[in-house]
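Chemist: Quick note, the sequences are listed as chains D and A, same order. Using the working numbering, the letters of the first sequence map in sequence onto residues 1 to 320. Using the working numbering, the letters of the second sequence map in sequence onto residues 1 to 320.
Treat each hint with caution, since some may be false.
Just so you know, same-sequence chains aren't split out, so a pair can sit in one copy or run between any two.
With a cut-off of at most 35 Å between alpha-carbon atoms, the simulated DSBU-like pairs for lysine-lysine come out as follows [what the hints assert, rightly or not]:
#1 K115 <-> K223
#2 K8 <-> K75
#3 K306 <-> K250
#4 K269 <-> K306
Source of the hints: derived by calculation from the structure; they are not laboratory data.
Number of protein chains: 2
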Amino acid sequence: MSLFTTQKSRRVAQVSEENLIEIIVHSLGRACPPFPAGPGGDCAIIPQTEKARYRVSTIDSVIVGRHFDSSCSGKLAGRKLVERNLSDLAASGAKPKDALLSLMLGPNVDLDWLKEFAQAVGQSARRAGLRINGGDVCQIQAGQFSATLSVQGFSQRVLTRTTCRKDDRLFVTGELGGSRLGHHLNFRARISEGLWLANQKAVTACTDLSDGLLKDLPSLIGKKYDALVDLEKLPMRRAAHTIAQQSGRKAWQHALQDGEDYELLFCVKAKESSSFARKFKKHFPRTRLTEIGLIQVGQGLARDQKTHRPFSGKGFGHFA
Amino acid sequence: MSLFTTQKSRRVAQVSEENLIEIIVHSLGRACPPFPAGPGGDCAIIPQTEKARYRVSTIDSVIVGRHFDSSCSGKLAGRKLVERNLSDLAASGAKPKDALLSLMLGPNVDLDWLKEFAQAVGQSARRAGLRINGGDVCQIQAGQFSATLSVQGFSQRVLTRTTCRKDDRLFVTGELGGSRLGHHLNFRARISEGLWLANQKAVTACTDLSDGLLKDLPSLIGKKYDALVDLEKLPMRRAAHTIAQQSGRKAWQHALQDGEDYELLFCVKAKESSSFARKFKKHFPRTRLTEIGLIQVGQGLARDQKTHRPFSGKGFGHFA
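Using the sequences and the hints given, assemble the complete structure.
Modeler: This is the structure in structure tokens:
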């Protein structure tokens, strides 16, 4: 089953807007709370019960042809939409709470694909404690599909970018590179790790890796620091090696530049970095953690720790 | 200036993603708070200061070719995006607080048009006390543009649908019909009225008119009541008459069915309806208020008050 269908009876255009919304809400399942917190009103009405100091808010989309292709299953596309957003919340150390889902559907979108998509959205949401409280559906041109999720989370202490200090150690979770061979459709946001990191005073700044280390690192450290990266320590995904064989470039170049890793990249105070790493490994024995560099006074550049030369390659720029 | 340009130097594809975001943030102006509440992080970090009982959450989009056409100014398109969302908040009686803006841009979108769009978003937001705290930008195919806004508001007492009672009187603000002759691009959401209505105990249910009275009325009253509508009382926009001359239909048919009125439709307890109307007119001397019918036990139908026959016409269904 692919995203678009030529069978008239399977097209979303065959059902009324009301029925379409019913089908989506039903597929979202228990992630969707009842009215008035859920669908059925002009707005979702959410009782304010969270005592946390901060509400943490983000929005992200998946578009066919850009974030997945039309042969991708609804399950993987739906999961990617939710996990992309959750990865941003993870980077801020926030607990997911509620979300709104906006769908733009060409008339030839396959109803069964859409059900699978909404089921996956519901399942990924529930796994993370996230509710899908409402949304909107619009018709667009045939052969097109996009889905946007806006998410609210809560946190008592937040992690942000541009708050690192001189000598901080640079850490990354998981592995990097070659994401487009599969990882980009099959990852889980590091929600638990992010929540835990936000409670560690040794952690000074954090971001998630979506555009590639070389592009995300400068936004993490800000304009007054440089990051020295030890290329030999980069944790490389097996796919980074596979893709390097095809591209003729080095695996570490893919690890630096490919994007869509959805791992956490963060800074830890130098003095506490060893004890921090031990503590992390105790809490998350199955999450790889690697110290890949350190922070120096500088001008917002990522440099090779050996040569001190800035890396010149670009990340995964949407408009580059 | 229209939405798309053939001049290479004016295309959004000419600037990097970072510059594009800078341009948008700059155009949003003071509606956009500084980091970390505003752009620059993985999420917007919003201190929880609102003591209201409910957070009220909604999401809505504008798409070229659907909600405006490519000759429409960025100013009117941007305003429409914000006011559409605010109209949903108004229907819930909520005070606008913060929002996220997601843009999907074809490479040939005109940068100056986009600036005008973002300026208008910022201006409409500021007028209503709404901040644009973050967002996302994606590239899509040439000749396409969509913008989605998700909004959070707050309320101590909310208005909802399906909470009316037998004998309630049905009221509507403003005038109806013919919106596509201009009103749909040039309206202001009834935020002040909605906030005030939420504080009147006589008001039992409320919605905003986006899909046309005949379609929105059943969702307002729910499945256990009917609404008897007095056609002679329908407040008709001059454009409803103009468009009726073109369509060969009656002006009241347009008032019932056209959609995009963005007026408030609500129910008031019968006993208090006269004093309510006096109070409303005192508070909002410039907002037309009309009692157009009443609620009876029934099955979710809108009926003609004279003949008691259900109206059979459909509203402005997105997928109909």
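Chemist: Within a copy, between copies, both or neither: which one fits K115 and K223 at a CA-CA cutoff of 35 Å?
Modeler: Intra 45 Å, inter 26 Å, cutoff 35 Å: inter-copy only.
Chemist: For K306 vs K250, is the C-alpha pair at or below 35 Å within one copy, between two copies, both, or neither?
Modeler: Within. Shortest intra-copy distance 17 Å satisfies the 35 Å Cα cut-off; inter-copy 80 Å does not.
Chemist: I want to check one pair: K269 and K306. Are their C-alpha atoms no more than 35 Å apart within a copy, between two copies, both, or neither?
Modeler: within (22 Å within a copy, 77 Å between copies)
Chemist: Can you tell me if K8 and K75 fall within 35 Å by alpha carbon in one copy, between copies, both or neither?
Modeler: So K8 and K75 pass the 35 Å test inside one copy only (22 Å; across, 39 Å).
Checked against the numbered hints above, the structure breaks none of them.
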